[in-house]
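Please model the complete structure; the sequences and the hints are all you need to start from.
2 protein chains.
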Amino acid sequence: MSDKDKLVSKNEDFNEWYNSLVLKADLADYGPVRGTMLVKPYGWALWENIQAALDRRFKENGVENAGFPMFIPMNFLQKEAKHVEGFAPELAIVTHGGGEELAEPLVVRPTSETIIGHAYAKWIQSYRDLPVKMNLWNSVVRWEMRTKLFLRTLEFYWQEGHSAHATGEEADEWTRLMLAAYADFAKNDAAIPVIQGIKSEMERFAGAQETYTIEAMMGDGKALQSATSHFMGQNFAKAFDIQYLDDTNQLQYCWTTSWGLSTRMVGAIIMTHGDDNGLVMPPRLAPYQTVIVPIYRKDDERTAVMEAVSRIASELKADGIRIKIDDRENLSPGYKFNDWELRGVPTRIEIGPRDVAKNSVALARRDRPGREGKRFVSQDGLAQTVVDLLEEIQQAMLDKAGRFQDDNTHEVTNYDQFKEAVQKGFARVWWAGTNEEETKVKEETKATIRCFLLDQPAAGGACFYTGRPAKRIAIFGRAY
Amino acid sequence: MSDKDKLVSKNEDFNEWYNSLVLKADLADYGPVRGTMLVKPYGWALWENIQAALDRRFKENGVENAGFPMFIPMNFLQKEAKHVEGFAPELAIVTHGGGEELAEPLVVRPTSETIIGHAYAKWIQSYRDLPVKMNLWNSVVRWEMRTKLFLRTLEFYWQEGHSAHATGEEADEWTRLMLAAYADFAKNDAAIPVIQGIKSEMERFAGAQETYTIEAMMGDGKALQSATSHFMGQNFAKAFDIQYLDDTNQLQYCWTTSWGLSTRMVGAIIMTHGDDNGLVMPPRLAPYQTVIVPIYRKDDERTAVMEAVSRIASELKADGIRIKIDDRENLSPGYKFNDWELRGVPTRIEIGPRDVAKNSVALARRDRPGREGKRFVSQDGLAQTVVDLLEEIQQAMLDKAGRFQDDNTHEVTNYDQFKEAVQKGFARVWWAGTNEEETKVKEETKATIRCFLLDQPAAGGACFYTGRPAKRIAIFGRAY
Chain A
1 MSDKDKLVSK NEDFNEWYNS LVLKADLADY GPVRGTMLVK PYGWALWENI
51 QAALDRRFKE NGVENAGFPM FIPMNFLQKE AKHVEGFAPE LAIVTHGGGE
101 ELAEPLVVRP TSETIIGHAY AKWIQSYRDL PVKMNLWNSV VRWEMRTKLF
151 LRTLEFYWQE GHSAHATGEE ADEWTRLMLA AYADFAKNDA AIPVIQGIKS
201 EMERFAGAQE TYTIEAMMGD GKALQSATSH FMGQNFAKAF DIQYLDDTNQ
251 LQYCWTTSWG LSTRMVGAII MTHGDDNGLV MPPRLAPYQT VIVPIYRKDD
301 ERTAVMEAVS RIASELKADG IRIKIDDREN LSPGYKFNDW ELRGVPTRIE
351 IGPRDVAKNS VALARRDRPG REGKRFVSQD GLAQTVVDLL EEIQQAMLDK
401 AGRFQDDNTH EVTNYDQFKE AVQKGFARVW WAGTNEEETK VKEETKATIR
451 CFLLDQPAAG GACFYTGRPA KRIAIFGRAY
Chain B
481 MSDKDKLVSK NEDFNEWYNS LVLKADLADY GPVRGTMLVK PYGWALWENI
531 QAALDRRFKE NGVENAGFPM FIPMNFLQKE AKHVEGFAPE LAIVTHGGGE
581 ELAEPLVVRP TSETIIGHAY AKWIQSYRDL PVKMNLWNSV VRWEMRTKLF
631 LRTLEFYWQE GHSAHATGEE ADEWTRLMLA AYADFAKNDA AIPVIQGIKS
681 EMERFAGAQE TYTIEAMMGD GKALQSATSH FMGQNFAKAF DIQYLDDTNQ
731 LQYCWTTSWG LSTRMVGAII MTHGDDNGLV MPPRLAPYQT VIVPIYRKDD
781 ERTAVMEAVS RIASELKADG IRIKIDDREN LSPGYKFNDW ELRGVPTRIE
831 IGPRDVAKNS VALARRDRPG REGKRFVSQD GLAQTVVDLL EEIQQAMLDK
881 AGRFQDDNTH EVTNYDQFKE AVQKGFARVW WAGTNEEETK VKEETKATIR
931 CFLLDQPAAG GACFYTGRPA KRIAIFGRAY
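Chains A and B supply the protein sequences, listed in that same order.
Position 303, counted from 1, in the first sequence is what our numbering calls 303; the numbers after and before it change by one each time, with no gaps.
Position 336, counted from 1, in the second sequence is what our numbering calls 816; the numbers after and before it change by one each time, with no gaps.
Hint data in this document are derived by calculation from the structure and do not stem from the laboratory.
Some hints could be false.
Said to hold, decoys possible - Straight-line distance between alpha carbons at most 20 Å, and here's what the computed DMTMM-like set of lysine to aspartate or glutamate pairs gives: (1) A/K336 to B/D609; (2) B/K613 to A/D29; (3) B/K804 to A/D29; (4) A/K24 to B/E544; (5) A/K324 to B/D535; (6) A/K59 to B/D506; (7) B/K602 to A/E60; (8) A/K324 to B/E681; (9) B/K602 to A/E372; (10) A/K317 to B/D535; (11) A/K324 to B/E544; (12) B/K539 to A/D26; (13) A/K59 to B/D609; (14) A/K133 to B/D535; (15) B/K797 to A/E64; (16) A/K133 to B/D509; (17) B/K504 to A/E64.
In structure tokens:
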């Protein structure tokens, strides 16, 4: 089903490269309602692997999944002042149900803090019930005007975790723990090095007291906020009466948090690792880790080759490798190589009559296109050879992305340097500006504070913009 | 968080027994919007196990998961005449988005045949693209007036599979294959014996040419339609222009199917297996298969007991058994036993100082409450003992449910017998009535045709109601 036209080069037109790659690689398509997305099986398989990798981390930390309704009474949104201010302009509203106009319109959830608040108020009674840590895998709706597949869609898939704690210290610690889980996932599964940090007041989640974030650098030097973790203080607990009896029988308000990662991560994977030949999937998340392409002309060649393919496939599967055999009859090997390169399958095994005779295969790695990444290896111990190569690719992809981020992050001390730095990457600066000054920098350069570093040096410095003494280093960048 | 009041007996008031059990066992709670449901972690864990068991079966049959939007343009619904007739009264309508009234209202999907049709028309070009078999795990909205947790809620969770084929034979075969997969899941994972059959014209899915169903008997003798598989013929293909070029380059309409199973299955598990002490979870789907309750009074006892618990827990986990250690400090063993019986955990291991000394544990099975189901077993080889017992319980639950269904299904030949049979179970009858006669029987007895048996005897019989010659045996029952 894929279009055979060549991709535009990513350096030539990154935006067009991205949009056409998402379609050509069969990750997703545009939905019939403006801004919506149809996630195709190949894209969904990647998302399922992301889900599994995160879900495992959540469950190891005692998080339990649950299912909450998509419809929220309008008045719930209004209970937390900043929350409604942030989300009101983006809401989808249900006004009719079952053929009648509703007495109170319903909101399609843009996020679930309010209905979680309602439930926690009912379910939490005593300190013995705490902490509560639940996660929802669902989709949410935010009426975005400028949409882009996976990065910003009217409806998107994500997980939203919600916890309630007895103390503020514990809640804040939890918020940071979930941020660390995201960073660990990004680094070790998605091969994306991320910067852990704290959002400025202006970029904070609507209703949060503090928002933690992981920020990644895309192939064009722009930043992608890849996941966030919010410390709510007692804002939502007070708005929804989430209270508990402590061990001295006193009624106390809980401290709550929420944390989320979405299908934006698919966009991050595309834009961090992709090249002019298409996607490059990190092995740990790749829907297929190895594609096997049989090569033959005559019928007797076919028999011998397919026997070897079938044996090799069994061995690879037995070792837990996710494989795809491309036995399509009507396509040339060359077409198939390009097709699977476009889809970013990390390794490719080619096997023809001569390979069968020599007990070998050609093994190619996606992250090094062309001859450089291809070698002939023995069929003996091939599963282990592939497992080792997948590990090597995973590490090489992380290293490459790390070098790119380092090369395009500059410490700057004045506004001219700053303007140059954010044209092609991140600026790392001392910052002591006000909200107004932050807005001015954004207007003039399109760059925003992605975050203040989570780990700050002890000594301060001079703000690059105002010259005032600054306590915190900020990362600025243009962002998706 | 659970209420300690005793459950009402299921024979006394089945409806009240069900409603209070769902709440007390922490499966779910009522949502703030009428008819919506909050699925709590224990209920969601059961649903996740159901999902995994089905997903495996789908993937073995080459089905791929995908993600489709919840919003569907209103005009899509209107393209298939019977489909809109069936669903129009139940729709939730979004009229406003992003602060503005929409030019065309959006429907929150009640099911996705229409938007799937739109996508398949775009994605399918040639016979080489066929068959297409996709599945969506999502939630859908139907504006139901009388709701009941898990059985009928305004929004419910399910999977909806959608396929497109080159021929009608292949599509019909696929529809039956998915029905068989559901029946296999129900029997072997949920321990629920089901009747496979075909719906009468009146009970058919809106827009289908044939609807296949699995029907189960609940503990009160009523039927629960547990999953359905629909053969659409070319109805949706023609409404949405799903066409392909065949191998002679002729344009042909596809043949489509859809098939679904929902969180109703959670209700089926509760109502098939539950007893007056609470839930009885089938071992293969149980969130916890074994709960370990340590018993001690003094500190030195605690140390010895917890050491044994920890060792046993590791052994059981290593064998893939899903376990829960109930080490809550403030509750008595007796309270814990009742609590886990209420939640239906299939097996319980009790271990106290004497058990530690004797290298034994007390092992209790949930499906046989009281002394009868409890015995002392050695700690040596305990994991295997538990694995074997779980298998035994799984089989015993299926057998018990099968006997109950058999005992409450009666072959009847006249209307008086029929009326008696459907008071407490199913009536198995020859049927040759018209739609009007089917409606009359429903009005007079509340019983409907649950299905015509998939496997029919060669010879026919006389319709119990009209006396006319009948070709098909129908199962009648009152239904949820």
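To see whether the hints hold, each was checked on the structure:
Only pairs whose Cα atoms come within 20 Å are accepted, and A/K336 paired with B/D609 is accepted, the gap being roughly 16 Å. Taking the CA atoms of B/K613 and A/D29, the gap is near 17 Å; set against the 20 Å cutoff, the hint holds. The straight-line distance between the Cα atoms of B/K804 and A/D29 is roughly 43 Å, outside the 20 Å bound, and the hint therefore fails. At roughly 18 Å between alpha-carbon atoms, A/K24 and B/E544 fall within 20 Å of each other, so this suggested pair holds.
Straight-line distance between C-alpha atoms of A/K324 and B/D535 comes to about 19 Å, which keeps the hinted pair within the 20 Å bound. Proximity of A/K59 to B/D506 is assessed by CA-CA distance (about 19 Å); at most 20 Å being required, the pair is judged to hold. For the suggested pair B/K602 and A/E60, the alpha carbons sit about 42 Å apart, so the restraint of at most 20 Å is broken. At most 20 Å may separate the alpha-carbon atoms for a hinted pair to count; A/K324 and B/E681 exceed this at roughly 42 Å.
Our distance criterion of 20 Å between C-alpha atoms is broken by B/K602 and A/E372, whose separation comes to about 39 Å. A threshold of 20 Å between alpha carbons decides the hint, and for A/K317 with B/D535 the separation of about 19 Å falls inside it, so the pair holds. Between A/K324 and B/E544 the CA atoms are separated by roughly 14 Å; this keeps the pair inside 20 Å, and the hint holds. A distance of roughly 19 Å separates the Cα atoms of B/K539 and A/D26; the hinted pair therefore holds under the 20 Å criterion.
Distance hint between A/K59 and B/D609 is unfulfilled; the C-alpha atoms sit about 39 Å from each other, more than 20 Å. With a C-alpha separation of about 26 Å, the suggested pairing of A/K133 with B/D535 is violated against the 20 Å cut-off. A C-alpha spacing of about 18 Å is found between B/K797 and A/E64, which places the hinted pair at or below 20 Å, so the restraint holds. The straight-line distance between the Cα atoms of A/K133 and B/D509 is roughly 17 Å, inside the 20 Å bound, and the hint therefore holds.
Simply put, B/K504 and A/E64 have alpha-carbon atoms about 18 Å apart, close enough for the 20 Å limit, and the pair holds.
Of the numbered hints stated above, those contradicted by the structure are hints 3, 7, 8, 9, 13, 14, listed in ascending order.
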